[in-house]
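Engineer: Given next are the chains, with one letter for each unit.
Number of protein chains: 2
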Amino acid sequence: MTEDLKVFLNESKQKIDERLPHFIEKLQAPESLKESMNYSLKAGGKRLRPVLLLAVLEGFGKSSEKGIEAACAIEMVHTYSLIHDDLPAMDDDDVRRGKPTNHKVFGEAAAILAGDALLTYSFELLSTLTEDPEIVVSLIAEFARAIGAEGMVGGQISDMEGENKDLSIAELENIHHHKTGDLMVYSIVAGAILAGATEEDKTNLRKFGRELGLLFQIKDDILDIEGDVASIGKPVGSDAGNNKGTYPSILGMQGAKERLEAHIDLAVTSLKKVDMDHTMLMELTKYVANRNH
Amino acid sequence: MTEDLKVFLNESKQKIDERLPHFIEKLQAPESLKESMNYSLKAGGKRLRPVLLLAVLEGFGKSSEKGIEAACAIEMVHTYSLIHDDLPAMDDDDVRRGKPTNHKVFGEAAAILAGDALLTYSFELLSTLTEDPEIVVSLIAEFARAIGAEGMVGGQISDMEGENKDLSIAELENIHHHKTGDLMVYSIVAGAILAGATEEDKTNLRKFGRELGLLFQIKDDILDIEGDVASIGKPVGSDAGNNKGTYPSILGMQGAKERLEAHIDLAVTSLKKVDMDHTMLMELTKYVANRNH
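Chains as they are written, first to last, in the numbering used here: chain A, 39 to 331; chain B, 39 to 331.
Since the hints were made in silico from the structure, they are not lab data.
Treat each hint with caution, since some may be false.
[Unchecked claim] For lysine-lysine, the following DSS-like pairs were computed, each having C-alpha atoms within a straight-line distance of at most 27 Å:
#, chain 1, residue 1, chain 2, residue 2
1, B, 295, B, 64
2, B, 64, A, 240
3, A, 245, B, 311
4, A, 310, A, 100
5, A, 64, B, 245
6, B, 240, A, 64
7, A, 203, B, 311
This one's a predicted model, so the numbers in the text were calculated from it and none came from an experiment.
Given these sequences and hints, build the entire structure.
Structural biologist: Below, the structure is given as structure tokens:
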């Protein structure tokens, strides 16, 4: 990792870590609800999606301050999706990011509602942006599509339905495009919308985002086999335990690694077409592809 | 019920019943997800919230067509809240509106996700309105506040926390204001926003909505004791079984009925201050207060 990327990642993560709890604390809502919302928000993680949004803004020469609310809204939705995914009725996970999952601490009912509240609040945050209302509406419309039945939630259903089945690579990619890819693509496109990017640039950033989402997932699958529990914060091999199709299970480890390289090339090709400073997004792509947790 | 109200209720319900499934069917999403979303949407009910929105529009002399998307968005959120409320971790209800609850038919995981998808889609629907984008943003901002941590979800948490406790009337009212009232108030205010009502009219309609929400709830509590299962579609006395505070349990049946009358008077007083044709909303208020299911 270059020193510039390290500084950017740290500063971006710090901004998000600082602002996220503040948005919750000011709510006039039951304290227990705010506590469970903040518990999972503070559980941290890499803040990759917010970082992507801020990196796009900076790449277009805009201040990252412009994107804080949208970045926090995205992180709230990511967090809600993890809370609901971890529920006993879903993946039934006890540990997330090295800490007990939300429902293990607050109970299932509170966890479901904390997720619902985070999802709802993310839209409220976007609706308070002081941008041109046409831009706000477009940010909200695109957000809802990315995370709803046609996006993330649909992907989660396809993922569940794909368990214990022999998936083709096309089916696996379709799941990942929606389950994790659509929100990642949105993070990038939201930055472009806020920066006032051209349609052409948005299209190429969207392509870049899709490749980045896939390579992120392939790397995740590889780490699930080759990583260690202390680094990745969840039990190694947990995907295999759930009988879920993965890139290594379909292509073999070598095939998965080759596929990872291919998606890196495609991501870089699309990114280079965008009229912006690519430095940070390029570094981020390498970081996502080479991370060890 | 007057003949005019009967016709209006039937026509409005029919419009909503027709349009709701159409919005789901056109989604590019897993069929099983669309099926579970539509199962609960089609389970019907009175469509009271959409009807309120359409009645406000008509009261201001506007076509109810103008409010169909917003009315459907509101019904989607009402439906999502019922799906999540019925889950085993929450109220654990097997029957809703005389039919098996969503999770009894599709399983818990699918029910959680159908709720998530309906909530998300409601925001997408609002974001596609062709009104002035400033109006759309204001509709979305107010919606998110009404149904999130400060509104409906917060009310659900307070309701759960109030179980097995001796609640005061003030505490009970606070729960109802948020758990059921805020979305009902929103239905009315959304109609006013779409009709281009003045701030003063919106304020008085908001007061009217709060009273209507309370009298709706008091009547619900009374029906839970005095109603019969065939009419209300859920076991009579189910609230008492959950050890939840109710108006009759705190005030006695006579006290609850007096309180109902008091809220009717307050509702009518606020409504009369609004510069609109009040006929239908007045009739609706009487209908809500006197219904037997």
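Engineer: For residue 295 of chain B and residue 64 of chain B, compute the direct alpha-carbon distance and say whether it is at most 27 Å.
Structural biologist: Status violated; Cα separation ~46 Å.
Engineer: Does residue 240 of chain A sit within 27 Å of residue 64 of chain B, going by the straight-line distance between their CA atoms?
Structural biologist: 26 Å, holds
Engineer: Against the 27 Å threshold, does the CA-CA distance of residue 240 of chain B and residue 64 of chain A hold or violate the hint?
Structural biologist: Holds. Residue 240 of chain B to residue 64 of chain A sits at ~26 Å (cutoff 27 Å).
Engineer: Hint check: residue 203 of chain A vs residue 311 of chain B, CA-CA at most 27 Å. Holds or violated?
Structural biologist: Roughly 63 Å between the alpha carbons, so the hint for residue 203 of chain A and residue 311 of chain B is violated.
Engineer: Given the proposed pairing of residue 310 of chain A with residue 100 of chain A, does the C-alpha separation stay at or below 27 Å?
Structural biologist: Measuring from Cα to Cα gives roughly 19 Å; hence the hint holds.
Engineer: With a cut-off of 27 Å on the C-alpha distance, tell me whether residue 64 of chain A and residue 245 of chain B pass.
Structural biologist: The hint holds at about 25 Å.
Engineer: Does the alpha-carbon distance linking residue 245 of chain A and residue 311 of chain B stay inside the 27 Å limit?
Structural biologist: The hint is violated at about 55 Å.
Comparing the model with each earlier hint shows violations of hints 1, 3 and 7; every other hint is respected.
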